[in-house]
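Given chain A, put chain B in place with the hints provided.
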Amino acid sequence: MSLKSPAPPAPAPEAPYRAPRRVGFSQTLSRWDVKVSPYLYISPFFILFAVTGLFPLVYTAVVSLHQWTLLGGQGDFVGFQNYIDVFNQPNFWKSLRNTFSIFLFSSVPQVVVAIAIAALLDQNLRARTFWRMGVLLPYVVAPVAVGLIFGRLFADQSGLINAWLGAIGIDPVKWHVDVIPSHIAIASMVNFRWTGYNALIFLAAMQAVPRELYEAAIIDGAGRMRQFFSVTVPQIRSTIIFIIITSTIGGLQIFDEPRVYDEYGTGGADKQWLTTTLYLYDLGWGTQANFGRAAAVAWLLFIVIIAIGLVNFAITRRISSGDAPKMTRNQRRAYARANAARRNR
Amino acid sequence: MSSIGVTQQTAGKGAARAASKKRNRKLVGGYDRRPRWVTYAILALAVVIGILPLYYTLIIGSSTPGEIAANPLPQLFPDASLFANFSAVINSTAFSFWKAFGNSVIIAVVTSLSIVLFSTLAGFSFAKLRFRGRGPLLLFVIATMAVPTQLGVVPLYIVMSQLNWIGQLQAVIVPGLITAFGVFWMTQYLESALPYELIEAARVDGASLFRTFWSIALPAARPAAVMLALFSFVQQWTNFFWPSIVLNQNNPTLPLAVRLLQANYFVDYTLVLAGVFLVTLPLLILFIFAGRQLVAGIMSGAVKG
Chain A
1 MSLKSPAPPA PAPEAPYRAP RRVGFSQTLS RWDVKVSPYL YISPFFILFA VTGLFPLVYT
61 AVVSLHQWTL LGGQGDFVGF QNYIDVFNQP NFWKSLRNTF SIFLFSSVPQ VVVAIAIAAL
121 LDQNLRARTF WRMGVLLPYV VAPVAVGLIF GRLFADQSGL INAWLGAIGI DPVKWHVDVI
181 PSHIAIASMV NFRWTGYNAL IFLAAMQAVP RELYEAAIID GAGRMRQFFS VTVPQIRSTI
241 IFIIITSTIG GLQIFDEPRV YDEYGTGGAD KQWLTTTLYL YDLGWGTQAN FGRAAAVAWL
301 LFIVIIAIGL VNFAITRRIS SGDAPKMTRN QRRAYARANA ARRNR
Chain B
1 MSSIGVTQQT AGKGAARAAS KKRNRKLVGG YDRRPRWVTY AILALAVVIG ILPLYYTLII
61 GSSTPGEIAA NPLPQLFPDA SLFANFSAVI NSTAFSFWKA FGNSVIIAVV TSLSIVLFST
121 LAGFSFAKLR FRGRGPLLLF VIATMAVPTQ LGVVPLYIVM SQLNWIGQLQ AVIVPGLITA
181 FGVFWMTQYL ESALPYELIE AARVDGASLF RTFWSIALPA ARPAAVMLAL FSFVQQWTNF
241 FWPSIVLNQN NPTLPLAVRL LQANYFVDYT LVLAGVFLVT LPLLILFIFA GRQLVAGIMS
301 GAVKG
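Just so you know, the protein sequences line up as chains A and B, in that order. Counting along the first sequence from 1, when you hit position 293 you're at 293 in my numbering, and nothing is skipped either side. Counting along the second sequence from 1, when you hit position 288 you're at 288 in my numbering, and nothing is skipped either side.
Don't take every hint at face value.
Said to hold, decoys possible - In silico SDA-like links for lysine to any residue, alpha-carbon gap of 25 Å or less:
{"hint": "1", "chain 1": "A", "residue 1": "271", "chain 2": "A", "residue 2": "105"}
{"hint": "2", "chain 1": "A", "residue 1": "174", "chain 2": "B", "residue 2": "265"}
{"hint": "3", "chain 1": "A", "residue 1": "35", "chain 2": "B", "residue 2": "136"}
{"hint": "4", "chain 1": "B", "residue 1": "99", "chain 2": "B", "residue 2": "88"}
{"hint": "5", "chain 1": "A", "residue 1": "35", "chain 2": "B", "residue 2": "194"}
{"hint": "6", "chain 1": "A", "residue 1": "271", "chain 2": "A", "residue 2": "303"}
{"hint": "7", "chain 1": "A", "residue 1": "174", "chain 2": "B", "residue 2": "54"}
{"hint": "8", "chain 1": "A", "residue 1": "271", "chain 2": "B", "residue 2": "88"}
{"hint": "9", "chain 1": "B", "residue 1": "99", "chain 2": "B", "residue 2": "218"}
{"hint": "10", "chain 1": "A", "residue 1": "35", "chain 2": "B", "residue 2": "88"}
{"hint": "11", "chain 1": "A", "residue 1": "174", "chain 2": "B", "residue 2": "99"}
Worth flagging that the hints you see were computed from the coordinates, not collected in a lab.
Excised from the complex, chain A in its bound form (with noise of 0.2 Å):
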């Protein structure tokens, strides 16, 4: 044996045998099913949002760059143009004061009252249920609607607020004439149909509250007001974040109140209340009918949206990256549902 013959390969370990067998059409449906059917069954949000929200909105930009109208359709690709006429009209500025300030008239005052009644909600309440529906009930009066019947409580002329105003000895406010006034108003609505819906996320946080915290307040001697603010204040600070951001959602889009505010639609005579959307409504579908100019605006208010939303949710980070407690799955819950409801207002 001195030739070295060739090592003969090393008999692979051999595979356990299996029956030759035919895999029946049924099995290979059902892998096929067990693969495909997890991406078809949520493939209609993904398509319908690709078509209908991801796409109109990235459109929005080459729109913007066009010369685009109503009826003429897609003209010249005119650049920057469309941006520089937008920055040109001064309603465009005027939009965006009017939004920050009825957005400012209707956020803040709103989540200081609906934390104060998702506090009194909060306690051992007799027809509990009763008192829950009952600050629920503006939610469902569409905003349309809330906008006459408040245009017609604030008429300058023999409305009810001024009516009332005058038995306390208070001058009429011309609430369809003056900025400011207008935008109480018209913030008034906002305030009227969310306030207490936002209560009932409020009390949903308070009540996931851990008890213990209050008995440890009330052994150290604390008072009911005291609780609230050292207790119940920083423990729901994360769903007090997230209101106020989701209400910068929605509210910097307001555009069914100022509306429907005067019958003629378009922010007033002097467009003390022409919003940013309403402006863009007016731009694309009213008087200028073009689209161009229409999707500048709306591609700035989305820009100036996504920003504030950044620097909430930095600030956010910030503040709740500290001893804030985690947001439990069901308060996420509850916050998503408020997002989503205020993101068509």
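Using the frame of chain A, we list chain B on its own:
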């Protein structure tokens, strides 16, 4: 601390009762005791503020233009002229009330059902099935909730006009067929409400995934599905911005009808507000029957613990 018995003997019955009251309150931590009347009074005020505009609507709707010019609150109770105004609105020539009503019903019902079906299907997949990219995809769904998609109206309108859908209901229905919120909501619910054992049992019995969804997941999702349907219904019923762009007065929804009323009858505000009440009425009726569910839906975090 002296016992109540000692107090009774040394300081009398009244003192004993007072002491025991105070002690009980302390024992329950001040939390479970009934609130005082002030709480109820403030809450009642909040509820009254919520009802007052609706009441005012009825009063104005029962008056005449001359009366409201003379007195901002012409009468204390609604009267029969309200119904005259109702019928004037219903028979208005500016738009067809019943058509608007029917359109609102169609849009709200179709989108609610579709949202529930597709969201439950997607929620079932996200919550209970394993597949590549599941986490990132779910995160994407959640992230889209923060995107102001309403601002894409210009291209959306262009798409709808290419499809010749301007003025037609599908232009409102199709974009509303499924929502990110619905998917998120059903995912959250099914994660906790649907045990894996049930799914496995169905699979062992040879059910396809869709059959499993239809016979196991859908029934299990019912409580959350009802709430989702309610919120979707309210949202679509009150929706104004997009319908006002893509629909017109020949084929309006009720919120558009409100705006048409205002534009056509602003000289007679009694008619306008009667119409506003008429438009609001269906949701008020819904609220009476389903308000409890809406409250529970908003608070479900706390309720379901």
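Against the structure, the hints:
A distance of roughly 18 Å separates the Cα atoms of residue 271 of chain A and residue 105 of chain A; the hinted pair therefore holds under the 25 Å criterion. For the hint linking residue 174 of chain A to residue 265 of chain B, the alpha-carbon distance of about 22 Å falls within 25 Å, and the restraint holds. The hinted pair formed by residue 35 of chain A and residue 136 of chain B meets the criterion: a straight-line CA distance of about 18 Å does not exceed 25 Å. For the given pair, residue 99 of chain B sits about 15 Å from residue 88 of chain B by alpha-carbon distance, which is consistent with the 25 Å threshold.
Distance restraint check for residue 35 of chain A and residue 194 of chain B: the Cα-Cα separation of roughly 21 Å lies within the 25 Å cut-off, and the hinted pair is therefore satisfied. The suggested pairing of residue 271 of chain A with residue 303 of chain A holds, with an alpha-carbon distance near 23 Å, which does not exceed 25 Å. For the hint pairing residue 174 of chain A with residue 54 of chain B, the CA-to-CA distance comes to about 23 Å; that is within 25 Å, so the pair holds. For the proposed pair residue 271 of chain A and residue 88 of chain B, the alpha carbon gap of about 33 Å is over 25 Å, so the pair is violated.
Using a Cα cut-off of 25 Å, the hinted pair residue 99 of chain B and residue 218 of chain B is violated, with the two alpha carbons roughly 33 Å apart. Using a Cα cut-off of 25 Å, the hinted pair residue 35 of chain A and residue 88 of chain B is violated, with the two alpha carbons roughly 60 Å apart. For a cut-off of 25 Å, the pair hint linking residue 174 of chain A to residue 99 of chain B is broken: about 37 Å separates their Cα positions.
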